[in-house]
Amino acid sequence: MEQDERDRRLPILRTAGYRGGSGSRREDLRNGRFNYQPAARPGEIISTEHRPLLGKESAYDTFGALLQAECTVMGSKLRTGELNRQRIESWGIETRGDLEDELEKFRQRVKQACDRATRRRLVGKAENPLFYHLRQAFITGHTPGLGAQLKIEFMTSIIRARHSTEATSGLQQKIADLRYPIEWYPATRALHRTVHLHVGPTNSGKTYHALQKLEAARTGIYAGPLRLLAHEVYTRFNAKGKKCALITGEERRIPDGLDLVMNSCTVEMVPLNTLVDVAVIDEIQMLGDADRGWAWTQAFLGVMAKEVHLCGELRVIPLIKELCAAMGDKLVIHRYERLGALESESKSLKGDLQKLEKGDAVILFSRFAIHAMKANIEKAKGRRCAVVYGSLPPETRAQQAALFNDPDNDYDYLVASNAVGMGLNLSIKRVIFESTSKHNGLAHVRLSVPEINQIAGRAGRYKSAHDAIKNGTNEAGDSVLPAVRSRPTTGLVTTLDFYDLPIVKDAMKTVVPPLKAAGILPTADVILRFVKLFPAETPLSYILVRLNELCTLTPQFFMCQLKEQLEVADLLHPYKMSILDRVAFLTAPATLREPGFASVLVEFAQSVSQNSGGELLDMKSIPLEVLEKGIHDDAEGVKGYLRKAELLHKALTLYLWLSYRFAGVFRSQALAFHVKGLVEEKIDECLADIRYDIKDMRKKNLYQHKIMQQEELLRKQIESEESTVDDAATEGDDMERLGDDATGHFEVTAESGDDSAGTVDEELADFEMANESEDSPSSNSNIPATVGLDDRKPDATISTV
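Just so you know, the sequence shown maps onto residues 1 to 801 in UniProt numbering.
Hints are computed from structural coordinates only; laboratory data are not their basis.
We put the CB at the ideal spot given by N, CA and C, even for glycine.
Check before you lean on any hint, since a few could be wrong.
[Said to hold, decoys possible] Cβ-Cβ distance ranges computed for the label pairs, FRET-style: (1) Lys321 - Ala290: 29 to 35 Å; (2) Ser578 - Ala290: 26 to 32 Å; (3) Gln610 - Pro407: 38 to 44 Å; (4) Glu451 - Ser169: 49 to 55 Å; (5) Lys347 - Leu550: 52 to 58 Å; (6) Lys321 - Asp696: 28 to 34 Å; (7) Pro407 - Glu451: 44 to 50 Å.
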């Protein structure tokens, strides 16, 4: 797994520099104020002075230095690697000299844009579009977002010069008119739907009431954000004798004798052309998510159900009212109150695991960290610890939840990911945040206020997961344990370390503003019509960026982000595939950040383009040989084996995903399921073998905390536009109990008894792991097209709109 390069590129945020094109050359930018150095390799420590965040320069001066550094990093990456070679060839760049010329021209464009901002204060979209787009990317997407936007701007500047489409610009603008997405589903608009909006805080019973309606219906659909939630509903219904199918991106389970539509699925898999009596869409506030929001919007606008039950947070009410009014749907709002009180504790655990109590749940954000914490807790307390996270096999997760919920065994503690915040029912007395940041696949980012509240709200759950499922065994043979009931209690929330506690407390007191817009993506039909306006050799990545630039939207909608999809499009450019096939690959669970995964994706694309060669055992890029070795046989040890096993698991997940869409090509589905199970056993074996000192984990968290504080300060200044440097310096002095000493090392004034106090001047690169994704990536299967369960019945107030 690559280290978090983007954090290292920003010396004003991190004292270790970056690996630029010059390798070991040290660059001084901004007249020597900010010193860049080569990035530390895994395990290597580079000591540097820590410079002030901002001096006498404006925030835009600082941002300009950052932009130039990012340009250097981008150029360095584009010069190396087979993947990047293919990307730039798809743009029409054939030689290294051409690339250098284009990079220099682009660097000058960026410099000129920064000069217009700093000297003439021209920062608007009309007068300085390049600076505007880069500024917005940094504000909304942090440093990773800035780097991604730079690549997009560089790519479009090259292709726009090579492929003139002025003759069709009017038609492009017309097709890019996406103001009325509610009209994309005419069959649904012909229905007279009743929408029931169930809103309230976590642990208020809103999902329970919606599922009661679904259970009583003859036909219906449940759509959830996670595979494991879809599996939980599937298990619950079948255990009660109500036949239900499980539909996710990578898996289909259809009970024998199922003759009516009753599906439990991930939200991306909602069937839009099937009429049902009841549809339940969980976590509806996710329609405002920048990445996956389109799936909730598509499900809500397009599902053909007589009754649509939406479950979510209070902040969705105004937006749902507007959308229902536009669609002509009747809206009934059900408001719920939390079943038990929720309080934050006055002190953190100060890193002391001996302070853990029975019923505590420690929340972390990577599988590596989860298993490391489990080992540390069991060693410190001498009692067992259950684990729950998104990619855990559903049957294993159900077993672990049952063990934790049972008060009569020795499983006193739970270590879990943010999956617990998405509706899983667990008898948690106290939620403990190990950190208030997580790795999102590109960089460490602070948890949002809704994320913190959703996870914190799982403390004091009224009933356990057992109550969601009655005694019995479902059709798939999943065991269902006897119910264990509990009474409502006051939920408690705290953190492992002191510096995270104020963040959690502030989040719990913050009133989140209402959602203003729902995310969308253009439909396959729109993309097909738009593509026809460009020369055949035009890269699809450029066409998608162009569509995004030209699209016209109403205030109720926004365009979801394109992340790795553009890189995937460039990677597939040389292969003969239809536009629909290419778009299908863009929605696949593919991550090019994983070393070696690009080769897997290319081989799969070659099989589709040739309509053959998709047998699992014939795929040379899939490292099946990993299964022939023991976890200690890898040259890099257990962690090296784990990386290879996770690559194999991701490749198998993609194979299964594609097997449902290109069944005639990828025909080894049964074998892939079997091998995937074997790999999961190996991964579990690796994770159980991993040992990591809790003190090192805490140092890593403290280091990231400091970096994010500085980045947030810079982003806040840039966003305000008129902020002064002196204001920033003053605010920087007020950062909570964290400061810089004269030598530039980070120093912390800790709570009494906190053994983490001291200096942190190293990167714990060995612990840098990718975020445990909880967003069901293998379910992102529906190309937008034109054609935990609460079991208590609290009182609810109902209003009709």
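Consistency of the hints with the structure:
no. : hint                        : verdict
1   : Lys321 - Ala290: 29 to 35 Å : violated, 22 Å
2   : Ser578 - Ala290: 26 to 32 Å : holds, 29 Å
3   : Gln610 - Pro407: 38 to 44 Å : violated, 58 Å
4   : Glu451 - Ser169: 49 to 55 Å : violated, 41 Å
5   : Lys347 - Leu550: 52 to 58 Å : holds, 54 Å
6   : Lys321 - Asp696: 28 to 34 Å : violated, 50 Å
7   : Pro407 - Glu451: 44 to 50 Å : violated, 29 Å
Checked against the numbered hints listed earlier, the structure breaks hints 1, 3, 4, 6, 7; every other hint is satisfied.
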